[in-house]
Structures are given as structure tokens and as C-alpha cells.
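Peer 1: Sequence:
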Amino acid sequence: MKGDIKASILRQIEESPENSIFFLSDFSGEGAIESVRKIFLQARLSGVLVHLTHGIYAKPKKSRFGVVPPSLELIAKKIAERDHVQIVPSGYTAINLLGLSTQVPMTLTYLTTGSTREVKIGNRSIKFRHAAPKNFAAKGQTVILIIQALKELGKDNIGQSEISQLKSYIAQAKDRNLIPEDLLLAPQWIQKFLKPLIPDPKDETLAIL
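This note's numbering numbers the first residue of the sequence shown as 1 and each following residue consecutively.
No lab work stands behind these hints: they were computed from the structure.
These numbers were taken from a predicted model, which means no experiment stands behind them.
Check the hints yourself; a few may be wrong.
As a list, the in silico DSBU-like pairs of lysine-lysine whose alpha-carbon atoms are at most 30 Å apart [to be verified]: (1) K61 / K120; (2) K174 / K38; (3) K155 / K127.
Just the calculated beta-carbon pair ranges, DEER-fashion [unchecked claim]: (4) L10 / E152: 41 to 47 Å; (5) L74 / R37: 39 to 45 Å; (6) V104 / R44: 43 to 49 Å; (7) T102 / A32: 43 to 49 Å; (8) A137 / A7: 43 to 49 Å; (9) Q12 / E152: 23 to 29 Å.
Think of the CB as a built atom: it goes at the ideal place given N, C-alpha and C, for glycine as much as any other residue.
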């Protein structure tokens, strides 16, 4: 029976794409958690898996430069999926994702509908902070991301370079048709700031014609 469990788990790992994230809890239905942990340890020692943090592993992506670990953004997304919660990048994480800063933060921060906690991954970490439901009410992702970034920057620290970058980001956003509606969820000063940066849908229609 143990051999069947091991073969089943290793087959699932083998058939998964590189940089897939695995949790011990993913295989709780295969057998006792300690048995799963031992199988993961064997997979780790043989190079099939890498250990990210407590209970979290990844199938490494290998290049000619060595093992490429999964991004913290991907790990955060997978943790949210596992816990069935929503997350929204906040603080300098939002600033970085919008291209308003090229500095990669050592700690990624997210608002979450789940519990407040921190997950350490090597010398970096992911912080989840519980937030009210209104922070997740937007239909798209762009406006809520901008809201979090601008709150962190503050309205007195937004210059022409930030305006130019946000205008470019909005113009390329896949959910730009949702931006006018989602903008109503933003504080008044952010609404006033963003409205001039949103392309007129009529102009886009004319461009297509």
C-alpha cells in the first residue's frame, strides 16, 4: 500500500509542469500526513522537489544556469488558492507591479480575506494582512492595484513619471473596460487623479474602425 501511495504521488509530481507548487495537504487523501512528508523528503533528496518553507514544495525549473525557483507572486497566489481566499497586492508590492519602481521588495505584501500572517521563503517573505471586504469589491484588478499603490505613495509624492507610467499601464490593461465602474470604489482624491488617465472608449472604437 505504501508503495502505491509513493508511486501515485511521484507520478503526479512528474506529470506536473516545472515550477508547480505542492503542499503536503494536497495529498492528505493519499495517506497519513507523515507518510506523505517522508515521500516529499525522498523526492527532495533526489532533486525532484525543492523545499520552499514549512509544508510547501516546488518542482524546480532547471536552466543552464541552475535551478530557477518559482516567484513569490506565484507562491502567494497558490497559497490563496489553497486557502480559498482572495488577495490583493498592497504597499510596495503594488508599486513594483505597476512599474512605478524597479526595486524588488524583499517582502511581498498582500491584503487578504483570510487571516493575517507571514510566510518566510528563504531570505524573503510574504505578508498577508486581513482587510475588509470592500477592498475586494472591484470586478477587475487594475483599479484596486492602483489604489493600493497610490495610498502607499501618498498624493504629494506622485510626479510626472508616475503619471506617465500609470497612463501607459491603464492603456494596456486587459480589464480597462471595467476601470470606470471600479473607479467608483476609490477614495475621492484617487478618482480625481485617475479620471484624466483613462482612455475614452469612443476613441478606442474609432481606432478600431
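Peer 1: Lying within 43 to 49 Å: is that true of the beta-carbon distance V104 to R44?
Peer 2: 27 Å, violated
Peer 1: Kindly confirm whether 43 to 49 Å is satisfied by the beta carbon distance between T102 and A32.
Peer 2: The hint (43 to 49 Å, Cβ to Cβ) holds, given that T102 and A32 are roughly 47 Å apart.
Peer 1: K155 and K127: Cα distance at most 30 Å?
Peer 2: 25 Å, holds
Peer 1: Just to be careful, I want the Cα atoms of K61 and K120 compared with a cutoff of 30 Å; is the pair within it?
Peer 2: It holds: about 20 Å lies between the C-alpha atoms, which stays within 30 Å.
Peer 1: State, for the Cβ atoms of L74 and R37, whether the hinted interval 39 to 45 Å holds or is violated.
Peer 2: 23 Å, violated
Peer 1: Is it true that L10 and E152 lie within 41 to 47 Å of each other by Cβ?
Peer 2: 44 Å, holds
Peer 1: Starting from K174, check that the Cα of K38 is at most 30 Å away, please.
Peer 2: Measuring from Cα to Cα gives roughly 43 Å; hence the hint is violated.
Peer 1: Could you see if the CB distance from A137 to A7 stays within 43 to 49 Å?
Peer 2: For A137 and A7 the Cβ distance comes to about 46 Å; the hint holds.
Peer 1: Please check whether Q12 and E152 have a Cβ separation lying inside 23 to 29 Å.
Peer 2: 40 Å, violated
Hints 2, 5, 6 and 9 from the earlier list are contradicted by this structure; the remaining hints agree with it.
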